[in-house]
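Chemist: Can you make the complete structure from the sequences, with help from the hints?
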Amino acid sequence: MALPDITLQLAGESGEGVISGGDILTSGAGRAGYWALTFRTYPAEIKGGPCMFQVRIGAERIKSIGNQTDLLICFNQEGFELQHATVGDEGIVIADAESCKVSEEFAGRSFEVAFSQIAEEVSGSRRGKNMVVVGTVCGLLDIDTAEIEQLILQRYAHKGDVGEANIASLKAGEKNARENLPNVCNVDKPGPAERERILLSGNQAIVAGALHAGLNYFAGYPITPASDILESLAARISRFGGVAIQTEDEISAMASVLGAGYAGAKAMTATSGPGLSLMSELIGLGGTAEIPSVIIDAMRAGPSTGMPTKTEQSDLNQAAYGSHGEAPRVVIAPTTVDDCLQCAVDAFNIAETYQTPVILLSDQSLSHRLETVDRPDLSRIEVEDRLTVADPGSQNGSPASAFPRYKLEPSGISPMPIPGTPGAYVSTGIEHDEQGHPSYTAEVHQAMQDKRFKKLDPLAANARVTTTGPEKATIGILGWGSTEGAAVEAAEILTAQGVSAATFYPRVLAPLPVERIKAWAAGMDAIVVPEVNYTGQFARMVRADCEIPLIQFNQITGHPFTARQIADFITANVKTAAGAAV
Amino acid sequence: MALPDITLQLAGESGEGVISGGDILTSGAGRAGYWALTFRTYPAEIKGGPCMFQVRIGAERIKSIGNQTDLLICFNQEGFELQHATVGDEGIVIADAESCKVSEEFAGRSFEVAFSQIAEEVSGSRRGKNMVVVGTVCGLLDIDTAEIEQLILQRYAHKGDVGEANIASLKAGEKNARENLPNVCNVDKPGPAERERILLSGNQAIVAGALHAGLNYFAGYPITPASDILESLAARISRFGGVAIQTEDEISAMASVLGAGYAGAKAMTATSGPGLSLMSELIGLGGTAEIPSVIIDAMRAGPSTGMPTKTEQSDLNQAAYGSHGEAPRVVIAPTTVDDCLQCAVDAFNIAETYQTPVILLSDQSLSHRLETVDRPDLSRIEVEDRLTVADPGSQNGSPASAFPRYKLEPSGISPMPIPGTPGAYVSTGIEHDEQGHPSYTAEVHQAMQDKRFKKLDPLAANARVTTTGPEKATIGILGWGSTEGAAVEAAEILTAQGVSAATFYPRVLAPLPVERIKAWAAGMDAIVVPEVNYTGQFARMVRADCEIPLIQFNQITGHPFTARQIADFITANVKTAAGAAV
Amino acid sequence: MPETIQRDAKDFKSDLKPIWCPGCGDYGVLAATYRAFAELGLDPDNTVIVSGIGCSGRFPGFVNSYGYHSVHGRALPTAMGVKMANPDLEVIAVGGDGDGFAIGGGHFPHAARRNVDITYVVMDNQIYGLTKGQVSPTSLHDQKSPSSPFGNTEYPLNTMATAIAADASFVARGASFRAKELTELIKAGIQNKGFSFIDAYSPCTSFNNTTQIWKDGVKYLPEDHDSTDRAAAFARALEDPLTLGVYYENARPSMVDQHDALKKAAEPQTVDGLLDGYALNIKAAA
Amino acid sequence: MPETIQRDAKDFKSDLKPIWCPGCGDYGVLAATYRAFAELGLDPDNTVIVSGIGCSGRFPGFVNSYGYHSVHGRALPTAMGVKMANPDLEVIAVGGDGDGFAIGGGHFPHAARRNVDITYVVMDNQIYGLTKGQVSPTSLHDQKSPSSPFGNTEYPLNTMATAIAADASFVARGASFRAKELTELIKAGIQNKGFSFIDAYSPCTSFNNTTQIWKDGVKYLPEDHDSTDRAAAFARALEDPLTLGVYYENARPSMVDQHDALKKAAEPQTVDGLLDGYALNIKAAA
Ligand SMILES: Cc1ncc(C[n+]2csc(CCOP(=O)(O)OP(=O)(O)O)c2C)c(N)n1
Ligand SMILES: Cc1ncc(C[n+]2csc(CCOP(=O)(O)OP(=O)(O)O)c2C)c(N)n1
Ligand code: SF4
Ligand code: SF4
Ligand SMILES: [Mg+2]
Ligand SMILES: [Mg+2]
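Chains as they are written, first to last, in the numbering used here: chain A, 1 to 582; chain B, 1 to 582; chain C, 1 to 286; chain D, 1 to 286.
Be careful, since some hints might not be right.
[What the hints assert, rightly or not] Selected chain A positions facing chain B (Cβ under 8 Å, derived; list incomplete):
hint	residue
1	A235
2	A327
3	I556
Worth flagging that the hints you see were computed from the coordinates, not collected in a lab.
Since the structure is predicted, the reported quantities are computational estimates derived from the model, not experimental observations.
Backbone N, C-alpha and C define an ideal beta-carbon position, used for all residues, glycine too.
Modeler: And the structure:
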């Protein structure tokens, strides 16, 4: 019987082409019409060390990393040792004949292929081992290799015969699999694609979204897993007329982003937790001086230096509350790769419209996973610009350098003059009156805090939310960020078990959409909040403001949730009002 | 009729001796057996500008700044203009005859005294104006000036005749008041003192407490209102064998404090909001590497640079959550000046016992208010030290530099070797195993986060709480920090009005004493949380963890609450279950 | 190019009265700045003054131009952001010795290395004025202050040497009480395409009143000083610190120039073009 | 004073195997450090190695001594805290060029000014190794990297010039592949009472493989170089950057010395004595 989708892992040593093999396989499967979503682990060493590439592919859109490994391909013994525990009860293991012995428990569902040897035979070099692996997978799953051959030719165009050698290995792997491993595993064939699709990572999607929104100033400091945003922009932003600068640290990056935003640019930085912490003071300045800015935080596992290559959703507190005093800012979290693109645009639109810092919380798993998504129609993704000053003279006519930059408008949003045009004023983080002049009276402070916080209210009411399932359900899953796919699948699993379940994923987390959460929650018998963190940061925010009972599901393995983990937690732990375990 | 206490204000121009006059008056009243508590405002200018000194004195311990001014002394017209609105319905105004005209509304309760002229007559210089003012107050309130004369002689010992001249002015002011303003206002005479008393500020009390706890390394960067902690320690820590260092910024200060703590010192830094924000990343390191440290945050009004000379309780979020990932730390808040001393000792005891950063949240009003308090008996304030290693060999005996520093003990607290003694290990903010070696497995991460968080549990259960009022009451006031005095007085006001009221002030805010709050809350019909901040940071923490309904009272005037403000808020806004407004 | 409007120093005065103490050197730096701006014919709407926190940090409020009062120590990276976002703006960064060399000191060498096109004027009073008189990185060894009651244990930072080591493209020292010369330095700094650093002695009359000593002690670099000789400039910087003048100049491509070159060399692209790079030319299974 | 135990370089090897790439220069610096420690007879229990984050930041883990792996850029202030808290400890700070001169660059001049008694060894590979190859402050102009695909627009920081401008009391340059000389430099740095800075070229074989160029290019300062002449040292620092040796020395009281003097001069006090200063000698009203 063919599976609706299949989760496969390539496990080996860094340097053996595990990752490049996985990349090409994913691309090839994508071009062959499959949907795909990847996940990988990184070695602790700078170079070398064990690594693993996982891809789940199927005929329908893939929402999460997959509950277990259906097909494990081991490049070496260590790969087997480290990964075999993830293999499902009916999962298949294919091991390198030369270097890997599979244990007894896989008897009957493990096979050997002499990857290196095959490569050597057909190409004269053992280097093609990973292509034999890719070919093996194509043979097993009946994926046409034509597209992959193209990719190989492109990738190795400047490397002499390497392309041809790799293609030979690929085909040899495929042939061997078709001949010697028939019907070992099967996956549903995809139907015709309804739309164009693209394959990219969360970080790549953020870059595309930011550029679409009009990004023209980027400053950042390298940090895993955000560095490739800096690198990608360094390579291409000049083609869009902007600049990308690698600063001496994150404080400098954020300070310069605010300077650029003040000067009228659409400015962004990208970092991970440690950098976000360092930006705390300046994020407070941005909120107080009301300067648009976008901060991408690709979360990694904390605390402190923590586990830089692992994923976690543990920066929400820092994003929402990090900064002394009470400095308003907006926090948003994308849930999928295509949502990264949309949220990047949203981030700029919100930053510009509300004149505020916007922190976009992605995470390591989302930053670096490759996902096939429908190609977004950019012409339909609207871009907004800030309210500037049409005729400052009419509003000003006042003494030198005293434009009422912080005018108390009912909306809380005051027109912002851009240096180079009339309307000179001083932007400041000192408490200030409408002209930006320092003022320490109770009235001014109250009025300005009101202005800065209340202007964000429309976001709570109007920002985007995705929800699945019925309005009245036994189980509601409330979450944020990259866990959505797993949560939606978990709801499907529960529904299939006869327990009605729904999901609710707001994009804007601060300000929290309190009324909308309450309205949705009213239809749920019990609400579970799954978070890849220790304390349940989002659950605590929701309890603080919505005053509804929640059940936290917290897990900090450094890996994303699987749907099964969420469903199992609910089945094991949640008793509904009726008293029965779900 | 004599008042139980009286709130008086001196209002004038910086440079006229308003502050020094107020200081001496407060000291003199203190020596005469009165209790006192002061409050002042600062000019916006670096030098010059209007300033105001307020002191409330009485026969019983003073808990808060006073609900209104009972006696306003104006050094000049601006002083009157800026402060007269604070004068109560029966309050008296005494104005400088030369420079100040009092408005009609004070007819019958305003008096003129020619402060400068009297000074000039008796001392040959108008400089003694402030001493005439002090003498006037002594005359009005029948305070013996003998002690004040002593203080003047001490203060001006090295300044030639200035002391004598000032005493002449003082006495002339007193005489004039006794002769020309008899029975204008009266305050209860204090009874005999039961214990020795001292008069000091919150910052001074923190310094004393820290030194008592064994502080031997201090590093800080100047910032209002914390600078005087650095200055005071620079002047005296060498007498205690320690060092105080002014670093190049707060990041350096905090890094060095952690270095010193690691090396075995009792180490502390002191800052205000902007500095605390900058320390975010390193506080996370302290929590992760489990290094004892104490951070004093003298909160000022935010956000950003905000209003540096004004008070606010708005850094709680930053203190509790500031740092990416999830890094445990302890947050404590003293409520009075003597409690500052006790809490400083507590902070070190907690830091040492639990091997964690401890953030002590004071605020501008507490930092700089002078308060008469019973002299603490230092011999009864216990000092605790960290768990070090008696015989590392027995636990170690293992390879080079692999002492199990992070051993998973049931208490979560592992013995900490001190450099210079056997037990070498590497302290790190990378996720690590028991030996401190980097480790990124799910099991290690989970175990170490459990260790770091759960070791703090005893604090929530056992840390100090103060509470007043009955166990069952109509109104419960739940708060933190320097608002306690006003809250307790507000409860007294409500009680006097026939509404039973109680207060609950925990010292340790993170970890939150959830069970104890819940137990106390169970006896209250309604719970009000007064905070000098905008969003209700503590209320939100309590709701997140205790899931009890709360009524927030938030005010951001830059000034401390008065008891009346809290009582009035409750009367106006709180309806109890019975439905009737309180 | 808009027509140049004749301007007067007082056109650059804002409606806010400085809150500095009587005699504070910052008044002199402010006056020199007004004059420099006027003489260069700067347009207030096209000029941005960026500062950090300190007495000197209040500077932008007193100038009729755009201003940006950042947090403590971040004037330089902020100014870089302003300039790189809109290279047409004239960007001046100002601040104190603490702001620029203590908390903000980490940004200085990088602004210099990048040669970002801004002029940075430090009002150097060898003290923290706003926080009431603690020693700063430029305070003298053994100097007494509230935070060094037994005398400063640290040795002062040599700002000229630091700037020359960082290869700033224009390095000069002036003084608030030498208004004409300071005006010229500020003008020269603004005219230099690249990072210009002007350390302006500016006495703090309240907490470190060096007015008289400085007035008595200042002198100028000799006529024959070769400001293009880096080693010679450094040697000068080790001599009498009260020597004023242009210590060092090293004209080279500015940060704006370099990024302009990148932009010019780049082929324009669209985001759709970018997405093409991720496209899957899907072949649906038959 | 405990009796000096004869030690061997391998006594300083920890049980953790370095995770550096094959050929990484950091191995050489590590070996030189083991030898320097052994030759000086340091006691592992009395020695603390402090680092920030980077490939080089992993260093303390590989040494049998106390270690402290701080966050990125904070090795110097951390080391100051360790040393000032317990001056009997031998404190060595290590790190990368990014750690020390980008994010941590603001601490460097102050460590030098204070003359804190530590030895700071920077493994300078002119690249960010751990984050996979972006340019660092010491990267060359025009150098290509993932974050400078069209060539580095910035100019490299001259670490020798920077240290001399900051008046560090011992300033030297070595190289990982000149083990014997590097060992001597580290020993001399540790023996200097005050802030010793050693910039050790340490090639990154994975992201900026300068091994051959550096090996071919290095030379030494001439015999007659006068390391006590600051101006001359600076002039040297402007010459061929591949020149190794002790550039500059300026012996003066260290931070520990200065604070020791304060402690010695101070009259001991108790907290009760301190409280006496706040005492109210209350006269209760009759
Ligand atoms: C992060 C932070 N730390 C500390 C302060 C307090 N602070 C304000 S200005 C200043 C130093 C002022 O000295 P300087 O830069 O020399 O300026 P000056 O007042 O002398 O002109 C300090 C420490 C602050 N505002 N922010
Ligand atoms: C605050 C913060 N920002 C960024 C990083 C990411 N990061 C880790 S090491 C490093 C730079 C490494 O370069 P270098 O200091 O030269 O050391 P090397 O790896 O070359 O030895 C960076 C940017 C971090 N860990 N923390
Ligand atoms: S304190 Fe000093 S620097 Fe500040 S305004 Fe007064 S004189 Fe100027
Ligand atoms: S990446 Fe470079 S610096 Fe890091 S271990 Fe490898 S060779 Fe050394
Ligand atoms: Mg200064
Ligand atoms: Mg490096």
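Chemist: Compare the structure with each hint and give your call.
Modeler: Comparing the hints with the structure gives:
1. A235: Violated. Min distance 27 Å.
2. A327: A327 (chain A) check passes; min Cβ-Cβ to chain B is 4 Å, inside 8 Å.
3. I556: Holds, about 6 Å.
Of the numbered hints stated above, the single one contradicted by the structure is hint 1.
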